[in-house]
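Novice: One letter stands for each residue in the lines below.
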Amino acid sequence: MKSKFIKSVLWSVILIGSFSAIYAQGTVKDEHPELSPEEKMMTCRGCHKEATPEIYNEWYNSRHGIDNVRCFQCHGTFSDFHKTPPISKCAACHAKEVLNLHVPENSPNKTCWSCHPVHSFRVHKGK
Amino acid sequence: MGITRREFIKTTAALTAASMVGLKLPGELDAQGMPEVDKWVRGTCRFCGVGCRVEMGIKNGKPVAIRGVPNAKTNFGFLCMKGMLFYKFMRHPDRLTKPLYRKKKTEPFKEISWDKALDIAANEFAKAIKKYGPNSVAYYGSGQALTEETYLFQKIFRGGLRTNNVEGNPRLCMASAVGGYITSFGADEPMGAYEDIEKALTFFIIGSNMAEAHPVLFRRIMNRKLNNPDIVKVINADPRVSPTSRIADLHLQFKPGTDLALLNAMAYVIIKENWHNKDFLKNYVTFRVGKEKKEVTFDDYVKHLENYTPEKAAKICGGNITPDKIRLAAKWFATSGRTMSFWTMGLNQRTRGVWANNLVNNLHILTGQLGIPGADSFSLTGQPNACGGVREGGGLCHILPAHRPVVNDKLRHEVERLWGIPEGRIPPKPGYHTIAMFQAINDGKIKAIWIHTTSPAQSLPNADKYRHGLARDDVFVVVTDIFPTKTTELANLILPSAFLFEKTGVYGCSERRSQLTLKAVDPPPEAKPELWIAVEWAKRLSKKLKDPIVYKVVEPFDGKEPGFELPKAVWSEYAGKLTKGRDNDLSGATYEVLMKRPDGVQWPAPTQEIALKGGTYKKFVRGIDPIATRLAKGNEKYVFYGEAHKDHKLWIWLRPYKGAAEEPDAEYPFYLSTGRVIDQWHTSSMTGRIPELLQSAPYAYVEINPRDAMRLGIKPNDIVEIETRRGKVHIPAKIVEGPMEGMVFVYWYDMDEDRMINRVTKDAFDPGSKQPEFKICAARIRKYSGPKPLKPFIVRMKKTRKGWVHIDKFNIKEFQKK
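So the sequences go chain by chain: A and B.
Using the numbering used here, the letters of the first sequence correspond one by one to residues 1 to 127.
Using the numbering used here, the letters of the second sequence correspond one by one to residues 1001 to 1818.
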């Protein structure tokens, strides 16, 4: 049953991903695939370690992962779930950088992950 | 548990539709991507002792966001999950908003007016004092109360009511660190500061899972290590592999309680290898032994250490400890030249907590790694204001404000003089320490207690024993808090109080730094700031006791506007008068100065000029510390002016290895230890009301080593019975390479009666610091059942026809039986 559920979640993630391009950086709230109350008591990472291992590993081995910055801090939980987080979530810790994104010389649509690869958030993409 | 294919397709379809349409959240962000707010108000985080500076976003008079302050030296803008979310519970429907009273503890509570509530509180305390004397009343405060609150409550109790029965929960978390600092360095609190982290080359983290308990400070150490992987070494010494171990080059896993042998062995190696700093020892150090603090020689110390060769210590320590690992740890510690140690409850919550602290301090003294950039012996504090409020503000039974021991006649009379009350008004004898205080309640010696911003019914070790006392109908219990807790269940009178940012005041964090939080929003209707409550209560008490001195102690604050003017007046008296000329001199750190600083002031800060620059980064260092600079007479680099050491030297202590009060045996073969998780704070009465955090850590687990689990047939999520000589609890299993074999580890935040681990921990305490040994007791475990659906549990209250009642399976009648 568990592996069936994990497969379902994985499929959901793929399908959600295909539609995610229409979002304007997290100003839209998403729906997480439905879970039972018991499943909702599991941590995000507990499930996604198997459902999306690549993403999990990118996060786990990142500085966010080592410092215990958890999935819900960016993506929210079931009542406030964003596949692409609103940039205000980044601003809780990176206020100066978020404000700096919006100075005139930067593109107004630029996000943190325009340069820093998502989930691993290495200094810059490719490095 | 899983979902069917049909359900999956249905879910995905719904999800896709929602994606296409989009659920706009208008007004959430402004044009710059920041939460849309009317204003940002600066303050300090409510949780651990790091002292992260935050700004709370206010929209239409309500808190709507929190962000870090980028130019704050404590956190550089970074926050943990608790820090970024705590605005969410400030308007929670469970907030206490009316004074609630019941005469008998089996009755429901009735809503009453503030006037009546204060009258009842004054009447009950006055009745106890008249009939049984001043020591029949007590105050039990918190490292989460504002400095102004702790200071004023202790002033009322000591100067007004003539009792030193003033205690607080910091006794449970850092009293051993206080004892360690005073006996090693002659004065409390660390010499250095967080900014040493970016200069340190070796980190020695012992008895601390700072990745979860102090995450934002851990982040700095993590960055230091990851940015300099070949230069910086991290040693993590802990019987449990924890998230902190992820950055460790060397993990020392020893049997709980054997670290005294480990630390002595490291000292042995340091001397054997000639890594000790002879000049530093010659100029600044003496060697001491025993209760009489007898001075001995370096050779005596070396002889003492012969009992702790790496080979002998490795045998005592067990676990993964080998003589070579001890040698390597000693080498990295001694030869880096810039080593910083960090510890918390793993050292402090022990029957030999002071000794364990001394032995870490010894290593720093021995190698001269103190008073220089990048080196320090640093105790991390668990609460936001245990240092500033309780250690400095006079919140423990044996200390008056500004580090003055109660037993010191001269200093006690100085306080009386500064308060303008008759000499002899403050009793010369310390009051009850925490465990003694709750034992005195059990014994019927204390008849009225005021419990402020803490929940001893859950946080005391062997909690059931002391819940019996609090349940007595002849003990009047007042609780000031913002939410129902396991302690409000035992109260006669619940007074709803204002939360941080709903009042103004100062928190002092682990690094001697005092930071002001300004009032940003109004508290819920009828919730009041505690300073106002204390003043109004004392005025009534003065009349009922017909004692004008009780009024005298609050007179300077009577009638002040409670949002700002009242705390400012209290701070001005405390910092301006009481700390002036003391080692924690904050007389330069006025409210005006604190408002100008992004991140507060580190004491000593005897002038406004010094305070405006941030105060003193390093204590005792000539040219940096204004007191050391003033006292220096020759060419010395340091002046160790700590009041407890008349010789103005640092003391290396000869401390033998001694085990825990209750070690495993054939009947109870496991070590039981407890601790925090990152997601929840203390008893979870606040963080448990944030949905994200509750979902992230809904209930406690018992961590069991895989080899023990296999041997006992315990699988993940099985319900495990943990039994000690105090009782039993039933907690789901997490099988993990965390605790060493023969040890289990339980998260202590859970309020559920079946999972509340402090019902079974042991209340033995350190004879010096009086801090209990939460970290070690003996237990037996067995599989109780297979996995069961569990629900998180947070104590709440509901209004019934008969009045307000708690929603909990806790039955006070059971605790009223003899």
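In short, the hints are calculated from the structure, not lab data.
The structure displayed is predicted, hence computed values, not measured ones.
Ideal placement from N, C-alpha and C gives every residue a C-beta, glycine not left out.
Check before you lean on any hint, since a few could be wrong.
Among chain A residues calculated to face chain B with C-beta under 7 Å, some are [claimed, not checked]:
id : residue
1  : THR52
2  : ILE55
3  : SER62
Using 27 Å as the maximum straight-line C-alpha spacing, the simulated BS3-like pairs for lysine-lysine come out as follows [claimed, not checked]:
id : chain 1 : residue 1 : chain 2 : residue 2
4  : B       : LYS1062   : B       : LYS1596
5  : B       : LYS1104   : B       : LYS1062
6  : A       : LYS96     : B       : LYS1104
7  : B       : LYS1062   : A       : LYS96
8  : A       : LYS96     : B       : LYS1059
9  : B       : LYS1552   : A       : LYS96
10 : B       : LYS1809   : A       : LYS40
Novice: Now tell me, hint by hint, if it's right for this structure.
Specialist: Hints, one by one, checked against the model:
no. : hint                  : in the structure
1   : THR52                 : 16 Å, violated
2   : ILE55                 : 18 Å, violated
3   : SER62                 : 10 Å, violated
4   : B:LYS1062 - B:LYS1596 : 25 Å, holds
5   : B:LYS1104 - B:LYS1062 : 37 Å, violated
6   : A:LYS96 - B:LYS1104   : 55 Å, violated
7   : B:LYS1062 - A:LYS96   : 24 Å, holds
8   : A:LYS96 - B:LYS1059   : 21 Å, holds
9   : B:LYS1552 - A:LYS96   : 49 Å, violated
10  : B:LYS1809 - A:LYS40   : 24 Å, holds
Violation of the numbered hints given earlier is confined to hints 1, 2, 3, 5, 6 and 9; the remaining hints are satisfied by the structure.
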